[in-house]
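Chemist: Next come the chains, spelled out residue by residue.
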Amino acid sequence: MKLGKILVTSAWPYIQHVLHLGNLLPILSADVMARYYRLKGHEVLFVSGSDVHGTPVEVEAVKQGVSPKELTDKNHELVVELFKKWAISFDNYTTTESPVHKEFVMDFHRKVAENGYVFTQESELPYCPNCKRFLPDRFVEGECPYCGYKGARGDQCEQCGRLLDPTKLIDARCSICGASPLFRRTVHWYFDLPRFSDQLREYITNNKQFPDNARNFSLRFIKEGLKPRPMTRDSDWGIPAPFEGAEGKTLYVWFENVLGYVSATIEYFKTHGDPDRWKEYWFDKDSKVLCFIGKDNIPFHTIIFPALLLATHEGYNLPWNVSTNEWLNFEGQKSSKSRKIGIWIDEALEMFPADYWRYTLMANRPETSDTNFTWKIFLEKINSDLNDTLGNFIHRTLTFINNYYDGKIPKPEKLDDIDRKMLDAISEYFKEIDENLSYFHIQAATRKVIELAREGNRYLNEKKPWKTIV
Amino acid sequence: MLEPFIPFTAKRIRKYLNLPAKLPWEDAVEPLKEGHKIKAAKPIFEKINLSEEKLQEMLEEVRSSMQKVSFKEFSKIDLRVGKIINVERVPGSKNLLKLTIDIGAANPKTAVAGIAKYYKPEELLNRQIAVVVNLEPRKIFGIESEVMILAAQHGDNVVFIQPEKPIAPGSKIR
Ligand SMILES: [Zn+2]
Ligand SMILES: [Zn+2]
Numbered sequence: 001m002k003l004g005k006i007l008v009t010s011a012w013p014y015i016q017h018v019l020h021l022g023n024l025l026p027i028l029s030a031d032v033m034a035r036y037y038r039l040k041g042h043e044v045l046f047v048s049g050s051d052v053h054g055t056p057v058e059v060e061a062v063k064q065g066v067s068p069k070e071l072t073d074k075n076h077e078l079v080v081e082l083f084k085k086w087a088i089s090f091d092n093y094t095t096t097e098s099p100v101h102k103e104f105v106m107d108f109h110r111k112v113a114e115n116g117y118v119f120t121q122e123s124e125l126p127y128c129p130n131c132k133r134f135l136p137d138r139f140v141e142g143e144c145p146y147c148g149y150k151g152a153r154g155d156q157c158e159q160c161g162r163l164l165d166p167t168k169l170i171d172a173r174c175s176i177c178g179a180s181p182l183f184r185r186t187v188h189w190y191f192d193l194p195r196f197s198d199q200l201r202e203y204i205t206n207n208k209q210f211p212d213n214a215r216n217f218s219l220r221f222i223k224e225g226l227k228p229r230p231m232t233r234d235s236d237w238g239i240p241a242p243f244e245g246a247e248g249k250t251l252y253v254w255f256e257n258v259l260g261y262v263s264a265t266i267e268y269f270k271t272h273g274d275p276d277r278w279k280e281y282w283f284d285k286d287s288k289v290l291c292f293i294g295k296d297n298i299p300f301h302t303i304i305f306p307a308l309l310l311a312t313h314e315g316y317n318l319p320w321n322v323s324t325n326e327w328l329n330f331e332g333q334k335s336s337k338s339r340k341i342g343i344w345i346d347e348a349l350e351m352f353p354a355d356y357w358r359y360t361l362m363a364n365r366p367e368t369s370d371t372n373f374t375w376k377i378f379l380e381k382i383n384s385d386l387n388d389t390l391g392n393f394i395h396r397t398l399t400f401i402n403n404y405y406d407g408k409i410p411k412p413e414k415l416d417d418i419d420r421k422m423l424d425a426i427s428e429y430f431k432e433i434d435e436n437l438s439y440f441h442i443q444a445a446t447r448k449v450i451e452l453a454r455e456g457n458r459y460l461n462e463k464k465p466w467k468t469i470v
Numbered sequence: 001m002l003e004p005f006i007p008f009t010a011k012r013i014r015k016y017l018n019l020p021a022k023l024p025w026e027d028a029v030e031p032l033k034e035g036h037k038i039k040a041a042k043p044i045f046e047k048i049n050l051s052e053e054k055l056q057e058m059l060e061e062v063r064s065s066m067q068k069v070s071f072k073e074f075s076k077i078d079l080r081v082g083k084i085i086n087v088e089r090v091p092g093s094k095n096l097l098k099l100t101i102d103i104g105a106a107n108p109k110t111a112v113a114g115i116a117k118y119y120k121p122e123e124l125l126n127r128q129i130a131v132v133v134n135l136e137p138r139k140i141f142g143i144e145s146e147v148m149i150l151a152a153q154h155g156d157n158v159v160f161i162q163p164e165k166p167i168a169p170g171s172k173i174r
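Residue numbers (the working numbering), protein chains in the order written: chain C, 1 to 470; chain W, 1 to 174.
Since the hints were made in silico from the structure, they are not lab data.
Don't take each hint at face value.
Capping the alpha-carbon separation at 27 Å, the derived lysine-lysine pairs in DSSO-like fashion look like this [claimed, not checked]: (1) LYS54(W) / LYS76(W); (2) LYS84(C) / LYS168(C); (3) LYS33(W) / LYS414(C); (4) LYS340(C) / LYS72(W); (5) LYS33(W) / LYS54(W); (6) LYS15(W) / LYS84(C).
Per the computed footprint, the stretches of chain W lying under chain C, defined by three or more beta-carbons under 8 Å from a beta-carbon of chain C, are [stated by the list, open to error]: (7) 95-101; (8) 130-142.
For each residue, glycine too, the CB sits at the ideal point set by N, CA and C.
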């Protein structure tokens, strides 16, 4: 039987900072599944990359007094090294600055525009006369009109949590230089998303793989009515918007990073001397595209990305599954760099080997609701599950064979009931683990592996093979 | 079967079992052949004998050791060679010594240091030491400490840092 090809992708992380363990979840989940499919004999390609564009990167670069390119070049190199240490088995981990990505994205959007899904609209946006640039909402600071908090940002007030827009701020100022911004009319290009409402509803309803969190969120989103989405921003850092009259504008990150799944496939085959084979993954109907994401990215993967692929009229494969994890909290709190809450993926490896973390994270993968990382759980997972159960079972079995059988697998004796029960358990667990993984229930699969080792220990204790030999 | 989850461990176990690197998924339940030779095995994992609090401390230690300080930040610290010209015990404290240190400036400076357990006052007199001279002054036991002396610590062992050869007090350390 010929098995279909599988493209495994994980959401492109922003790399203004190194990732924390929560950020790593989609990448680690994707790695587990990529390894599983490879073992099953599928042709697998596992791609992702650093999202180096976007406002968070610009904000951090301004803060550090370096250019966005300097910041992201440095951090990209750092995360590539870290992913190796975590054994993330990427076939291609690239960046949104890659020439292949940029060229593909610009061609892609030219096509979308030719097909009539792009229109322009004028609006008033904050502009700093001193910095000579339009300011993204979060680059404007001022007093919150609701609670009076002085350091509220143009997108949201951190104090009272209300969503704002820069025109609402009292005494608004540019967060880069402190000057008061002007409001200038500017034209932006919009993607005509509402025209895909029916097709998207049908796609999501018929998709049997989507986890409930992704399906329910997306259907609600469509039901509330899709709106045209701005595709362009007034910023130099990004991919030039390839539309007539859009000089000086760049594409909004979500209109380019999701296309990276395609461009990273193209880039992989280009560098492997087979420039046309990417199409097998994106157009062959028995190929599958899998996305692994965190729950904040749902609409971009179940709505915008499929709509963009549909807008080409070229018959791209839409994501076969969008496996979405919930949040991993740290001792009950949200991870936060500024508040030093959480664990970052570089620190973790300075403390314990990668497998200790990989196991703990996957055995607690937040699948249907948020989960909590605590040191208590970590100790329990490592000491009881890995060391006492799995490690102990393997070590005592191997040592036994080495000590009593000169390291050679002995001839099986006549099987009794205990033996037969154990053999049944092995095939039963194997079937269940296989099934769990094929439904993306990674947490359950991880836990079952340990349960099987527990059965193994019970078996050894019951049989006491060392007794019959001595 | 462990390979997707804990690949480093899976690799080690394959080595102990004397198996090739690439095995199909279904082989996970295939029994090994009679007479197949395996290798000596070491324990697979290591138990963590630390409390939750200790783990949190360990994380914070790792975090601070990984914090990079820019050269600009580092060069803000003014390190000098100082000479201890007077030592007194601090009344009411077993731990603290009040040091008067010549740092080459017009007036000597005062440092309050927690080293009474490790050095007798007479051992310190006239010794040269490394001093941070531009810290914000702090009141310790009612005495204003204007500078800080540098010492190395390993468990219960504490030693102060002194220049390899005598040099003029106030010499900059860089
Ligand atoms: Zn507010
Ligand atoms: Zn400005």
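Chemist: Against which earlier hints does the structure fall short, listed by number upward?
Modeler: 1, 2, 5, 7 and 8
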